[in-house]
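S.K.: Following the hints, position chain H against chain A.
Residues per chain are reported as follows:
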Amino acid sequence: MQSATVPTDSPETAARQRWMAVLARAETAELEAAWAGLADKPAYRLLRKPEVGLVMARGRVGGAGGAFNLGEIAVTRCAAQLADGRTGFGYVGGRDVRKCELAALFDGLLQDGARQSALLASVIAPLVAAQEARKAETQNDAARTKVNFFALERGEDAK
Amino acid sequence: MYVAVKGGEQAIDASLEQLARERRGDASVPELSVAQIKQQMRLAVDRVMCEGSLYDPDLAALAIKQARGDLFEAVFLLRAYRTTLPRFGVTLPLDTAAMTTRRRISATYKDIPGGQILGPSFDYSHRLLDFALMDEGAPGLAPERADETRGESAPLPRVTDILGQEGLIEGDGDLDGQAPGDLTREPLRFPASRDLRLQNLARGDEGFLLAMAYSTQRGYGRNHPFAGEIRMGDIAIVIEPEELGFAVEIGDVTVTECQMITQFKGSADKPPQFTRGYGLTFGYCERKAMAMALCDRALRAKELGEDITAPAQDEEFVLAHSDSVEASGFVQHLKLPHYIDFQSELLSVRDMRAKAMARANAKEAADDAA
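Those sequence lines, one after another, are chains A and H. So in our numbering, spot 56 of the first sequence is number 62, and the numbers just go up one at a time. So in our numbering, spot 48 of the second sequence is number 95, and the numbers just go up one at a time.
Chain A on its own, in the form it takes in the complex:
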């Protein structure tokens, strides 16, 4: 969605960055429903149990200058190894450990070339649609408050 600022190096990485961002922005209930809807859930073990911590958010002086530390953000991370050996990672804002675990599982599944396109269509695409709808609503709300101030023409300026 707001991926303009994310550096990337290859199409494969870019695709993974996109689905990880979508999973991170999803509601837990949405991921839970998607997981429940999977016909063949993989066996997995957690290489790293979901762990809550912080990241220091940085701003830039003046908006585009040198970095400064703005404040910290709660984040949860987790790593899950699927039965096929692939490892999925969850990095999600907030402290929802279940959401993080589900994000890691889907990240692992989506790396499986055999399942990827089906999962992109059945799981990621609906999430993207929901997130884009929420964003569009925000943008629409904002657009409706757009004004055109006008200054009255003053006498001395009149031709």
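Heads up, none of these hints are tricks.
Derived pair list, reagent style BS3-like, types lysine-lysine, alpha-carbon separation capped at 25 Å:
1) H:312 / H:349
2) H:157 / A:152
3) H:382 / H:53
4) H:112 / H:85
5) A:141 / H:85
6) A:141 / A:152
Calculated from the structure, these hints are not laboratory results.
M.R.: Below, chain H without anything else, positioned relative to chain A:
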């Protein structure tokens, strides 16, 4: 000096019980949920996240509930909580130009590309108490969205870049690759660099910064400012975990940004131009962002060769007193037992009085004798 005092456990337990009862209030009134605070007291939540220097709306709402609405206490709770968590890393610097903007105004340009977007603002309300809000469940409290689509927002160039095209305003400064200083890791020393000043201001108490900013407008370190641009909206948080080896978005946060513009008559090595003060806050904290920008500009006095004549230009005065947790702690520590301290002062005052009386008596006796 204060000393540890033993005893009083039962009284303390009873005090905490009473606090819990008073927090709950009249049991016939439904209990406030954390979700309600998060949704309906959002500006309090934003302030607590901003000054608590921890973005987590659920925890900020919990802190407000636990603190019975005492926002200073809530900030303290959030600050204490953050010390229990490990830090996984840092984010890539927030790209405020790429914000999903919910509000964006400029007081310097009427027709800015992308337009003026008012968003949800008190600015145009009449500040009359709305008694309809007392009537819970009354219709019309949350107006339905108009069924009308205005389409995608245009990109919103920064107002400072408009002036920048003409070279009339200073730039954003160097993008030096150095890691910025971090007040949560090492104590503040003076003189402080601008990155440290901005971190301090970003977590500073809104009331204090507002008063400092106001003082500059009233003539204490005057610099005639314009609100070049204020924008509020949602912005992606991007981190680059080592184990992944690539950057990943972990969600969005709401921030408010303020660009203040001030005329500058130039110096030996700088032409006349506009200079800038910068404010950035977690959440929708517009007043704070504006005050922060004014304080940032005032604190650049030395760098810009201006006379330092006012408190707002004195970095030690501003930065050492801006933190509400520190200020509140030091003022409130006066409540702790100072019994021994006070006993020694009592003895000292009694002794001084006795000596003063003796001198007065002696002088009187001498005068009588004369």
